[in-house]
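A.B. asks: Residue numbers (the working numbering), protein chains in the order written: chain A, 1171 to 1539; chain B, 15 to 302.
Bear in mind the hints are in silico, worked out from the structure with no lab data behind them. For each residue, glycine too, the CB sits at the ideal point set by N, CA and C. Incorrect hints may have been included.
As the list claims (entries may be wrong) - DEER-style ranges, computed between Cβ atoms:
no.	chain 1	residue 1	chain 2	residue 2	range
1	A	1197	B	197	48 to 54 Å
2	A	1346	B	209	22 to 28 Å
3	B	127	A	1277	52 to 58 Å
4	A	1446	B	117	38 to 44 Å
5	B	34	A	1190	48 to 54 Å
6	A	1447	B	197	57 to 63 Å
To be verified - Simulated pairs of lysine to any residue, SDA-like, Cα-Cα distance not exceeding 25 Å:
no.	chain 1	residue 1	chain 2	residue 2
7	A	1283	B	215
8	A	1280	B	95
9	B	76	B	95
10	B	194	A	1280
11	B	116	B	183
12	A	1280	A	1247
13	B	194	A	1306
14	B	194	A	1267
15	A	1280	B	63
16	B	63	B	53
17	A	1241	B	201
18	B	194	B	295
19	A	1177	A	1193
20	A	1404	A	1493
21	B	194	A	1259
22	A	1283	B	200
23	A	1404	A	1472
24	B	265	B	45
25	A	1280	B	200
Claimed, not checked - Some chain B residues judged to face chain A by a derived CB distance under 8 Å, without partners named:
no.	residue
26	199
27	204
28	205
29	207
30	220
31	224
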Amino acid sequence: MGEEMQKDIIALTDLSKFFGSYHALRGINATIREGEFFSLLGPSGCGKTTLLRMIAGFETPTSGGIAIDGKPMEGISANQRPTNMVFQSYAIFPHLNVAENVGYGLVTRKVPKAEIATEVSRALAMVDLAGYADRAAHELSGGQRQRVALARALVMRPKVVLLDEPLSALDKKLRDQMQVELRELQQSLGITFILVTHDQEEALIMSDRIAVMFEGEIAQLASPEDLYRRPASKRVASFIGVMNFLEARIKAVKGDIIRLNIPALGDIEISRSGLAPELDLDRVRSVGVRPEMLTIAFDDAETFEQTVEGEIAGTSYYGDMTYYSVQLQGQADPVTISMRNTAGRSIAKPGSKVRIGWGAESLVLFDSD
Amino acid sequence: MIRRLTKEDRQGLTLISPTLFYTLLMLAAPLVLVVTFSFWTQNYLDIDKTLTIANYHEAWTKPIYQVLISRSLRISLLVTLVTVLTAFPIAYYISFHVKQRKALWLFLITVPFWTSYLLRVFLWKVILGFNGVLNSVLMQVGLIDEPLTFILYNANAVVLTLAHAWAPFAILPIFVALEKIDRSLLEAAEDLGDGAFRRFRRITLPLAMPGIIAATLIVFIPTVGDFITPKLVGGTDGLMIANMIQIQFGKANNAPLGAALAISSMFIVALISLGIYLIGNRFGGKVK
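Can you build the whole structure from these sequences, using the hints too?
C.D. replies: Quick look at the structure:
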């Protein structure tokens, strides 16, 4: 990633949008790089779709600006922009067949007929729909409609493809498969994709970078790994995956070493240089621990950096994983710990006492909510 | 093989049976009667019940009937054209530009129906007359020196009056068809490069076609047989086939001929309607 895609394709500057008195977007600043898979992730009503529609040209910013490939988009309508959209409903034209749907934009561009036919069959092959050209729109399944919508956008060779929750209408199996396919297609084409989704897993799997949005603002913009491992706030942390929050306070700071007291786990020393530079140490009141960062010691011989005693309060069996709810001393709510169900490992019963391994690397410090 | 009625079948039949009975009694039975009549002959006081096609021969060969039929078709096709063309922008406006008060707009469209049809036709007489509202105003403003005469007691007046009377029947089906168009389709067309006009021609119009066909048939079919409007505002140039049918059943006392004329015009209207339907289906109607 990174190096070869330095060029910015989209620049969003101080974007703000009011719908009447409702403040839908509150000053969005971001740049999207050429060739990256960029996701706008957030709960419904966070403004992610509004932002996408604004890039497409369907909404006008109340203030601020959008530039695509260095060109300001102010006053440029949707039909003139170098973007194409895959709509949430797919918006397949019901009175046209598959080939006519895919070739729709090329007809507008006055591309010669023979060339349209070539381009359309190339695009259909790209989305694995070769041979479907003459199908009527109503004969397509949900997954096929999604592919037609994608082919219809790709055939235009846009600078940016905009995808508005394209997978939300598909069932889980198909969705998982399409996530991989979409990602592979994007990488082989090298076109910038911007995806709107409320599904954090989908964003993590597909994206190069993710902007997490809450209430019209970008809460954090980072790579999937950074977002998961170093969430900027408790809110981002709990939106992306599961996070246990534990009360904590800093006892002392000596140079690079921070002594931390966590009532539920114990005392630990961590290195300042491993933390986010902007973290305000004076305001640290809690730490976060991912379920997989805690380990239940099924083997007494196993050693850990730190250990703590706990009692199993409940289990949720997921097949490959078991999620344990474990009660710790000095912590009101039980913590969640996930363990892989490896060969020969039995599921611990509620009520049994267990030893839990953890370490400095397990922790994320928060200076705010 | 005789299939026994399921519970659902019986429920369905029970639901439709009052309407079915009423339809058979009030529509099918009279139609059979009219068809039968058309093959009989009227003598001075009684009816000769030997079957004959003499009435049809007269209906299809006598110039007066040909003139009336073709005028009726011409007038009602013109009415249909005018009505649908003026109804479309209104339906489009309500569907696409009225945001919150759609119901109020639809309600307002029904306002003309608060008075009777007859009264409305009379009102047009008042408006279009020699000393009517329109002429008085135009003369007062000084746009004309003497009253316009081409607006009353001729085919123009019939077209104008019928187009007004049937407007709501054209607006509603077109409105419904436009409402059914998924707005994201229009955005998709724009996203793919279409300007407003091209998008209208390639998406909106074809998808509105079922409504336009419905409006066309709803206006065309009854206006061919209208007789109140031509009688009141049509003068002699504006008389239509229905007026002749009425005369045959009444003053002329030749019900069999009237019946033959009625069946003939029904046949022609059915043929033209089928044509309109097929043409409409061809241009954009294959929507599922």
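A.B. asks: For each hint, tell me whether it holds in the structure or not.
C.D. replies: So, going through the hints one by one against the coordinates:
no.	hint	in the structure
1	A/1197 <-> B/197: 48 to 54 Å	violated, 29 Å
2	A/1346 <-> B/209: 22 to 28 Å	violated, 39 Å
3	B/127 <-> A/1277: 52 to 58 Å	violated, 44 Å
4	A/1446 <-> B/117: 38 to 44 Å	violated, 56 Å
5	B/34 <-> A/1190: 48 to 54 Å	holds, 52 Å
6	A/1447 <-> B/197: 57 to 63 Å	violated, 47 Å
7	A/1283 <-> B/215	holds, 19 Å
8	A/1280 <-> B/95	violated, 33 Å
9	B/76 <-> B/95	violated, 29 Å
10	B/194 <-> A/1280	violated, 29 Å
11	B/116 <-> B/183	holds, 17 Å
12	A/1280 <-> A/1247	holds, 19 Å
13	B/194 <-> A/1306	holds, 19 Å
14	B/194 <-> A/1267	holds, 19 Å
15	A/1280 <-> B/63	violated, 69 Å
16	B/63 <-> B/53	holds, 8 Å
17	A/1241 <-> B/201	holds, 22 Å
18	B/194 <-> B/295	holds, 17 Å
19	A/1177 <-> A/1193	violated, 31 Å
20	A/1404 <-> A/1493	holds, 21 Å
21	B/194 <-> A/1259	holds, 14 Å
22	A/1283 <-> B/200	holds, 23 Å
23	A/1404 <-> A/1472	violated, 31 Å
24	B/265 <-> B/45	holds, 22 Å
25	A/1280 <-> B/200	holds, 19 Å
26	199	holds, 5 Å
27	204	holds, 5 Å
28	205	holds, 5 Å
29	207	holds, 4 Å
30	220	holds, 5 Å
31	224	violated, 10 Å
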